[in-house]
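J.: Okay, here's what each chain looks like letter by letter:
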Amino acid sequence: MAKILIPTPLRQFVEKKDSVELSGATVGDLLAALTSQYSDLRRHLFSDEGKLRSFVNIYVNDEDIRYLSKDATPVTDSDTVSIVPSIAGGRHGS
Amino acid sequence: MIKIEQAAWDVMVSHARTTYPNECCGAMLGSVDGDQKAVQVAVALENAFAGAQGAFYQLRPEDLIKADAEARRQGMDLVGIFHSHPDCDAYFSKTDLENSCPWYSFVVLSIQKGEFHHANSFLPDPDQTVAVQEELQHPR
Ligand SMILES: [Zn+2]
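Top line first, the protein sequences correspond to chains E and D.
Counting from 1, one number per residue, gives the positions in the first sequence under this note's numbering.
Counting from 1, one number per residue, gives the positions in the second sequence under this note's numbering.
Just chain E, same shape as in the assembly (with noise of 0.2 Å):
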């Protein structure tokens, strides 16, 4: 069972756990899992389109997976899977 850490904020969707543990052949799968386990999440990961919303990331331990195959990126046991935003910014654009 690879392990995905769940971030402070959607802790309260995954029975208050700071971490699942699932199965799963690549990072699709077990984001399939996750989200079917834990419905709530759903949303606050994917768009109503079903995309992964934008300022998501998901690394196979520290791979970013558009880099590597995207959802079928596959994963062993001994993985760790981050789920991460993207944060930027800046002063001007108000």
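Keep in mind the hints are simulated off the structure, nothing from the lab.
You may find that some hints are simply not true.
To be verified - Here are the computed lysine-lysine pairs in the DSBU-like style, where the Cα-Cα straight-line distance is at most 30 Å:
hint, chain 1, residue 1, chain 2, residue 2
1, E, Lys17, E, Lys3
2, E, Lys70, E, Lys51
3, E, Lys3, E, Lys51
4, E, Lys51, D, Lys94
5, D, Lys3, D, Lys113
6, E, Lys16, E, Lys70
7, E, Lys17, D, Lys113
8, D, Lys113, D, Lys94
9, E, Lys70, D, Lys113
10, E, Lys70, E, Lys3
11, D, Lys113, E, Lys16
12, D, Lys94, E, Lys17
13, E, Lys51, E, Lys16
14, E, Lys51, D, Lys66
15, D, Lys94, D, Lys3
16, D, Lys66, D, Lys3
17, E, Lys17, E, Lys70
18, E, Lys70, D, Lys66
19, D, Lys94, D, Lys66
20, E, Lys3, E, Lys16
21, E, Lys17, E, Lys51
22, E, Lys3, D, Lys66
In this text the structure is predicted, and so the values were computed from the model without any measurement.
Use these hints to put chain D with the ligand onto chain E, whose structure you have.
T.: Then chain D with the ligand, alone, in the frame of chain E:
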């Protein structure tokens, strides 16, 4: 409400002054109880924006993963993100909103002529269309 303790506040103000006239950024670690947040530790992070940093900041997700790991090690939570506005008020700009995330408090420090001036905290919505101001308590 978000309350920032002295040690964390010192790190935030010092990071914002040191990086002036560029924008700085960092993570805030502490605890959450309902809508009450307490910040005990601030972690100064590198502004990863590749262009001119006087009016833009970017956090590396890898740095956030490390900050989150540090919070877990210390039995704390990652509760917020801070950044600075050099010679500019501490508002949440359109650029800030469009590149935000609804999971955290966003504290903005206004640095005027190199010195701390004032600060505000904001809670962006999931659609990145509006950020409500949150009560912020920090040491003088
Ligand atoms: Zn800003």
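J.: Next step is simple, just say for each hint if it's right about the structure.
T.: Quick rundown of the hints versus the structure:
1. E:Lys17 / E:Lys3: Given that 30 Å is the threshold and the Cα spacing comes to 12 Å, the pair holds.
2. E:Lys70 / E:Lys51: Holds - the C-alpha atoms of E:Lys51 and E:Lys70 are around 12 Å apart, at most 30 Å.
3. E:Lys3 / E:Lys51: Since the Cα atoms of E:Lys3 and E:Lys51 sit roughly 22 Å apart, the hinted pair holds (cutoff 30 Å).
4. E:Lys51 / D:Lys94: holds (23 Å)
5. D:Lys3 / D:Lys113: holds (26 Å)
6. E:Lys16 / E:Lys70: holds (28 Å)
7. E:Lys17 / D:Lys113: The hint is violated at about 45 Å.
8. D:Lys113 / D:Lys94: holds (23 Å)
9. E:Lys70 / D:Lys113: Violated - the C-alpha atoms of D:Lys113 and E:Lys70 are around 45 Å apart, more than 30 Å.
10. E:Lys70 / E:Lys3: Roughly 17 Å between the alpha carbons, so the hint for E:Lys70 and E:Lys3 holds.
11. D:Lys113 / E:Lys16: violated (44 Å)
12. D:Lys94 / E:Lys17: This hinted pair is violated, its Cα atoms lying about 34 Å apart.
13. E:Lys51 / E:Lys16: Cα-Cα ~25 Å, so holds.
14. E:Lys51 / D:Lys66: Within the cut-off at roughly 26 Å; holds.
15. D:Lys94 / D:Lys3: holds (25 Å)
16. D:Lys66 / D:Lys3: Status holds; Cα separation ~23 Å.
17. E:Lys17 / E:Lys70: With a Cα-Cα distance of about 25 Å, the restraint between E:Lys17 and E:Lys70 holds, given a limit of 30 Å.
18. E:Lys70 / D:Lys66: holds (22 Å)
19. D:Lys94 / D:Lys66: holds (28 Å)
20. E:Lys3 / E:Lys16: Distance of about 15 Å is within 30 Å: holds.
21. E:Lys17 / E:Lys51: holds (24 Å)
22. E:Lys3 / D:Lys66: holds (16 Å)
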